[in-house]
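Engineer: For this one, chain A is given, so just place chain B on it according to the hints.
One line per chain: the protein sequences are A and B, in this order. Using the working numbering, the letters of the first sequence correspond one by one to residues 50 to 339. Using the working numbering, the letters of the second sequence correspond one by one to residues 383 to 510.
Honestly, the hints are just simulated from the structure, not real lab data. A quick note: this is a predicted structure, and the numbers were derived from the prediction, not measured. Just so it is clear, CB atoms sit at the ideal spot from N, CA and C, and this is done for glycine as well. Treat the hints with care, since some could be wrong.
To be verified - Simulated DEER-style distance windows between Cβ atoms: (1) 233/A with 407/B: 48 to 58 Å; (2) 504/B with 198/A: 20 to 30 Å; (3) 95/A with 504/B: 39 to 49 Å; (4) 68/A with 409/B: 54 to 64 Å.
As the list claims (entries may be wrong) - For the chain B half of the interface with chain A, some residues (derived, Cβ under 10 Å), not all of them: (5) 395; (6) 491; (7) 492; (8) 494; (9) 495.
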Amino acid sequence: MNTDVTVAAPVLDEQAEHELARAVADLFAETERRFSRFRPDSELSRLNRATEAIDVSPELLELLLRARRHVADTQGIFDPTVGAALVAAGYDRSFERGALDRDTPGIALRSQFADLEIDEQHGRVVRPLHVQVDLGGFLKGLTVDRAARLAPSPAVIDAGGDAVLSGDGPDDAGWLVDIEDPIDDQRVLTTLRIRNGAVATSAPNRRQWRAGTGVAHHLIDPRTGAPSTSDLAQVTVLAPTAERADVLAKTAFVLGRDAGSRALERQPDIAAVLVLDDGSLHTIGDLDHA
Amino acid sequence: MTTERTCEPPRTSAFELRLYVVAMLAAVYVVAWRVIATPTPTPTNAAPVDGAPVPVVSTPGPAPAAQPVHRTVWIDDLPAALRPQVVLPPGWHVVSRTSTASTPAPQPRVQLVRVPASRPLRVRTRSS
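Okay, chain A solo, but in the shape it has when bound:
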């Protein structure tokens, strides 16, 4: 979760806001320390190195079970076992622009979450050697949700674009959310008003690197084990939780315009803004444009 986190809680006094910020920082740091695949000493990395059954902590077990639900809900389009494919594509360390560039493209690898054997009763996991788990697809959204529960409404917890906006905003007119143009990050495509909701955006523009003569990015299509070749430039999802918005945004992006739109339209409590490759917008659900 290489990101900055913004905290705003206008009903708190300055000291209480500082204490809230400290608690949020501790939460993100702890989550990073325990579940980042880029930290060799994290619990997740220990799982990803295991060559036989290992016992996992209740917290990691819970994350794996959440992941399994997301896989089921998206028919496998969202799959946290893309870790090996991410490494093969070049995303083998925390992202920094230019640091992942390579002269030869990686070999596409395919794995699926069902390959992971999870013994819920005993908290034990058997990981086949070809499977690498990466919880980054939903863990940031989940952490934002947990951080938001620390703050009294109205409040904003924004972790690099995954945000929870509780309450009606400081002036009861809703919180303003700008959707960034994936082509020109200085430009805003549209501004929404959000009340008691969460938002997340998926696009390849900020985490892409040179791989051979082409460009690779972090949004892996589990069906191919390679970076998605979607006809979408960006997907923004509004949902009750940031975790769900995170998962659905990635899923819709990988599915592409038609299948992604259908998948989102099937969700009763979701709204979305899809940016097509040609720059046009396609909206789903009820959106309050500012």
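Structural biologist: Here is chain B on its own, set in the frame of chain A:
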């Protein structure tokens, strides 16, 4: 009766002139060497802790790929090295003998935003 006397400039000897030219060339060379000729790290220029250079590191995985690591320090106990949250300059890697080559991930920074009534807070959503 007055006599005008003209002051002639001191003559520079050939030796002094040569000395001056050599000194100028030396100064130019030193400046060029320091500014332009920055040494390019090579695998053999790794900065070993225990004396062992690290020309190549293998990354684990089903299809391990060897990649040259130009600036590398051997650390025997990786968790102990990471515990004090060592922050390495860009381009440096911490390499464990038995684990993945990796650079410690930067810690998330929390920014507190005081919401003034006169200006609404705008959240920008983007891929990150």
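Engineer: Quick one, is the residue 495/B hint okay against chain A at 10 Å, beta carbons?
Structural biologist: 4 Å, holds
Engineer: Can residue 491/B be said to touch chain A, with a Cβ gap under 10 Å?
Structural biologist: 5 Å, holds
Engineer: Holds or violated: is there a CB of chain A closer than 10 Å to the CB of residue 494/B?
Structural biologist: 4 Å, holds
Engineer: Given the hint of 48 to 58 Å, is the C-beta distance from residue 233/A to residue 407/B inside that range or not?
Structural biologist: Between residue 233/A and residue 407/B, where Cβ atoms are some 50 Å apart, the hint holds.
Engineer: Should the hint that residue 95/A and residue 504/B are 39 to 49 Å apart at their CB atoms be regarded as holding?
Structural biologist: 41 Å, holds
Engineer: Let's test the interface hint: is any C-beta of chain A closer than 10 Å to that of residue 395/B?
Structural biologist: 56 Å, violated
Engineer: Check the following: the C-beta atoms of residue 504/B and residue 198/A are separated by a distance inside 20 to 30 Å.
Structural biologist: 23 Å, holds
Engineer: Per the hint of 54 to 64 Å, is the separation of the Cβ atoms of residue 68/A and residue 409/B within bounds?
Structural biologist: 59 Å, holds
Engineer: So, residue 492/B near chain A? Judge it on the closest CB pair being under 10 Å.
Structural biologist: Given a least distance of 4 Å, the restraint on residue 492/B holds.
In the structure shown, a violation is registered for the earlier hint numbered 5 alone.
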